Every structure is written in C-alpha cells, then in structure tokens.
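Number of protein chains: 2
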Amino acid sequence: MIHDYQKQINQYLSDHVENECAEPTLATSTIYSLMAGGKRLRPALTLAICDAFQQSINQDVLRASCAVELLHTYSLIHDDLPAMDNDDLRRGLPTNHRRFGAGMATLAGDGLLTLAFQWLSDNNLATTTRLSLVRELATAAGPAGMVAGQAMDIHNEGHHLALPDLQLLHEKKTGALIRYAVLAGGIITNQAPETKHLLARFGEYYGLAFQIYDDLMDVVGSEAQMGKAVHKDQVEAKNTYPGLLGLAETKHQLAIALVKARKLEEELNRQTNGDFTVLEEFLAYFK
Amino acid sequence: MIHDYQKQINQYLSDHVENECAEPTLATSTIYSLMAGGKRLRPALTLAICDAFQQSINQDVLRASCAVELLHTYSLIHDDLPAMDNDDLRRGLPTNHRRFGAGMATLAGDGLLTLAFQWLSDNNLATTTRLSLVRELATAAGPAGMVAGQAMDIHNEGHHLALPDLQLLHEKKTGALIRYAVLAGGIITNQAPETKHLLARFGEYYGLAFQIYDDLMDVVGSEAQMGKAVHKDQVEAKNTYPGLLGLAETKHQLAIALVKARKLEEELNRQTNGDFTVLEEFLAYFK
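Sequence lines, in order, name chains A and B.
If you read the first sequence in the numbering used here, its first letter stands for residue 1, the second for the next number, and so on.
If you read the second sequence in the numbering used here, its first letter stands for residue 288, the second for the next number, and so on.
Treat the hints as calculated values from the structure; they're not laboratory data.
Incorrect hints may have been included.
What the hints assert, rightly or not - Here are some, though not all, of the chain B residues that point toward chain A, as calculated from beta-carbon distances under 8 Å: (1) Gln295; (2) Asn297; (3) Glu307; (4) His365; (5) Phe404; (6) Thr415; (7) Ala487.
To be verified - Each pair of labels, with its calculated beta carbon distance range: (8) B:Arg385 - A:Pro24: 27 to 33 Å; (9) A:Met1 - B:Pro311: 53 to 59 Å; (10) A:Glu194 - B:Arg378: 46 to 52 Å; (11) B:Gly388 - A:Leu93: 24 to 30 Å; (12) A:Thr128 - B:His484: 36 to 42 Å; (13) A:Asp165 - B:Leu450: 51 to 57 Å; (14) B:Leu450 - A:Ile31: 27 to 33 Å; (15) A:Met217 - B:Leu570: 31 to 37 Å; (16) A:Ala162 - B:Arg378: 37 to 43 Å; (17) A:Pro164 - B:Gln346: 31 to 37 Å; (18) B:Val507 - A:Pro164: 19 to 25 Å.
If you're wondering where the values come from, they're calculated on a predicted model, not measured in any experiment.
Ideal Cβ placement from N, Cα and C applies to all residues, glycine included.
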C-alpha cells in the first residue's frame, strides 16, 4: 500500500508544482528538492488514514494530502542552509543551496511553505475541512511547533540537554508534523473528536519512534544507506537519543514508542469503523 | 485615521505575538523585527476598507488584518539575509541576522510566515471569509506571487530588464501583497465580486505607486529619512524605475499610477455604499 501511495503522491507533485512557480530558476530549484526521491511518509500517512475510513483518494484529497510534503520539503531545504546545519548532501544529491545558491534555496523553501497553505485552501473539500487543515498545519509547523523545535536545536548545539528537554525538542521539530499528517486523515474523513484525538496520539508516538530511529541511523547507518552524511550529530554536538542514553537504551525507547503506537492502532480498530491494518506497514518501517 | 490604525495594530501585535513563540531566542528575534517601527501600511489598508464599509474593528478583524504584517515582516527579514540583499540596517536598526545570526533570522521569518496563516484561520470570522483570506494571501505571497518577484529580483541583478519585465517584477514583489491587503477588507466585509474587483485594482495601482516611490527615495532620500541604506540599488545594479527611465519619467509614472488609483477610489465611492475618503490619507503618503 505505501508504495501505491508514494506513486500517487509523486505523480500529483510532478504534475502540479512546476506551473505554480512564476520564475524559471525558482521552479527548477523547487522541483529539484521536491522530486529528489523522498519517501513521502507524511502524505502517505494521511492517505492511509483516508483509506482506513474507506475515503476514495480523489484529486482533492491528494492535493490536500500533498500539502504536508511541500511543507516538509521546505523544512529540509532551510535546515540544510549554511546558516543552519550547513549540509552538502541530501538524499544522495547536493543540497539545494549547493546547487542553486543560498538565496534561491531560501526562496524555494519560502515558496513551498506558502504553497502548502494554498493547496490546503484551494481544493474542493468542504470549507470547514479545509479551514481545519490550515489551522492544524499552521499550528504544527509554526513558531510554537516545528520552527520552535528548529530554534531549540540550533540554540542548544553544544549544550547538554536533559531527556525531557530533548523529548520536547523532538516533539516539536519532527513530531508535530507527523502528528498533523495522521490527524489530517481524520479531518478529511470528518471523524468524531474522540477519533481525531486517538489519531493525533498515534501520530505522536509514531513521530517519536521516527525521530529516535533517525538518531539511531545517524550512528549505525551508512552514508549510502541514508543518502546524507552520517555521524554528523556527534561531530556537531547535536542533542540526540544515542548521545544522551547510549545505543541500548535508545533501542529500548524506540521499542516502547512502537508498543504505544500499536496499542493506539488497536484502539482505533476497536473504537471506530475504520480498518487500520494498513498502519502495520508503516510500523514495519523501523524493523 | 492611519495613525489610529497604526496604534491598534501595534497594540495587537505587541499583545499577541510573543506567546506564540515556544523558544525564547526565537521570540526575541521575532519581536525585534516585528516591533521595529514599521508603518503598518498593509494592515492599515485592510482596516481602512473595513472602516469604509462601517465594519467595526473588533479583535477578530484585527487578528485577520494583522496577518499580512506578520507575512510582510518575514519577507523583510529574509530579504535582508546575507544570501539575499545582505543588508546591515533596517528601520534604523541592525537587521535581524546582524543581531541574531542568519540561522535564527531564517527561523524568525519562517515562523512569521506560518503564523500569518494561523491567524487567518483561528479567528472567529465566518468560515468562508477565513478560507478566502488564506487562499488569497497564499496566492499573493507564494511562488507565483511575492516569492517569484524576489526570485526575479536576485536572478536579474546586473541584467538590464525592459520596462514590462520590471513592471512584472514589481507587481509580484511588492504589488501582490498590497493588492491582497486592500482586497482583504472587501473579503472581511463580504462584498460583491464586482466590489472586490475594484478594490483589488485600487490595490494594484496603489502598490505600483508605492514601489515607484520606494525606488525614487533610494535615489533622492537620505539614510536618516529612510532608516536603511540608500543608493544601494545603483551599487548593486538592481533594476529600478529611475535606473531604467530616469528621474523625470519615473516621477511621471508615479503620477499616472496615482491618477488611476484615485479614479478607482471615485468608482468605489460611486458604485458601492462605502465611504472611501479615508483612502485620501493613504494617497497623500506620496506627496
């Protein structure tokens, strides 16, 4: 299933982004990062929840679901900038600013962030659905969410964070957007508040597992496998789970997050009319 | 009247932005640029149109109207970055990145851009009103609007643009957001499509006059008067009206834009039940 979602998402993005850019270099730079082979995890999560509730994946659902991928791509481009993480490699290719310069990379990011809100607002889903998606995404990605997480990250480089602070950093930097992606499926399919709450909590634990796994891979993965530089966290004195807890305890924390996510999946299966077996495939990502 | 609007806007921003930022340095950096003494022209235009239609300026109208100032401030912060215009001074103070570093400045901009969409979506105006504001602002500010204008600007430094291309650049870089600000007043007060069309056209000519005036001031103004470096356009081989047309013809173009704006003001007075004399004060800005 994930593979099907990825195909639909890639097709939609490749068909619809280029002609949203009114300047040729901006278009090239935007497409360069957007079509660089991302896993499309976030929009795939939204589509999976839609599927679980038997919502057909039409063009409007795709447009609304892909908005989070536009926003995620902006966050990677800005995160890689010389003034931020100063990364040369992303998904096995030179980073956007290495290829187009930091000015154009900044603009490509700005454009993608703004376009995400355009796509959430200009589809044909119900007015309240679209508005709810805008509000949730803005809250997840803004200065109380993802941007605050980034600020904590660059502000605390070289400072040793305690576990609760590290958790808060990750919750904001990575968790908020993944939580949004799962919740968005509940908003698009117009679920009851309790169901949306369960979805959001699943998203929180899934996002936590994702970040712990990412930290882990920076230690035990290879550059070829990850498509980006590894062992960078340690070199840059980044705050990470392995750095704080060691490898064994980090793996244990990952296992706990996955158990909690799986419990929420069971609760969703029990308490709603959806079929969430598709989430198993997403949980298998961490095997 | 403009002075009253500025006071209301400053009060709203100073009361409501800081606690939207969940990281202290991000909050300081965001407030630093937002409260650096901007003229609040864009939200003031929105409030003026609301006033023209006897819409009371309550907290929800203020929140929705101030969103464009958040977005405008982000565009200034990113525009000043070393990778873009590399400016040291803005409104008489060190630019955001000179004070907080380019990383934090990038994040403050990202946060303000995202917060603009949060404020448009989380107020208590009608659902369709909020959604319409989100869509119009995203379109005006995104990769087919303001961001495209910025890309044209940095991409064409040192290249001589013909007048139609320069007009397109300015229409996108500065005009789109001012057009939005005027149109937003029509959306908030739920005007007929023809009225919104007249408002948008007024905004286009007002925005054009604004940009020509700004180019002119870079040549004839002083640093003390402008609060930023002057004569920079020429040094950086920026494409400007005076550079392309000379001073006399630039002043002539400014006069033409103002005549057209004034005609639209008259049409609005004639064809709607609004009282647009307040716009005279905005047009007097260029005296």
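Hints that the structure is at odds with (numbers, increasing): Those not satisfied are hints 1, 2, 7, 9, 12, 15 and 18.
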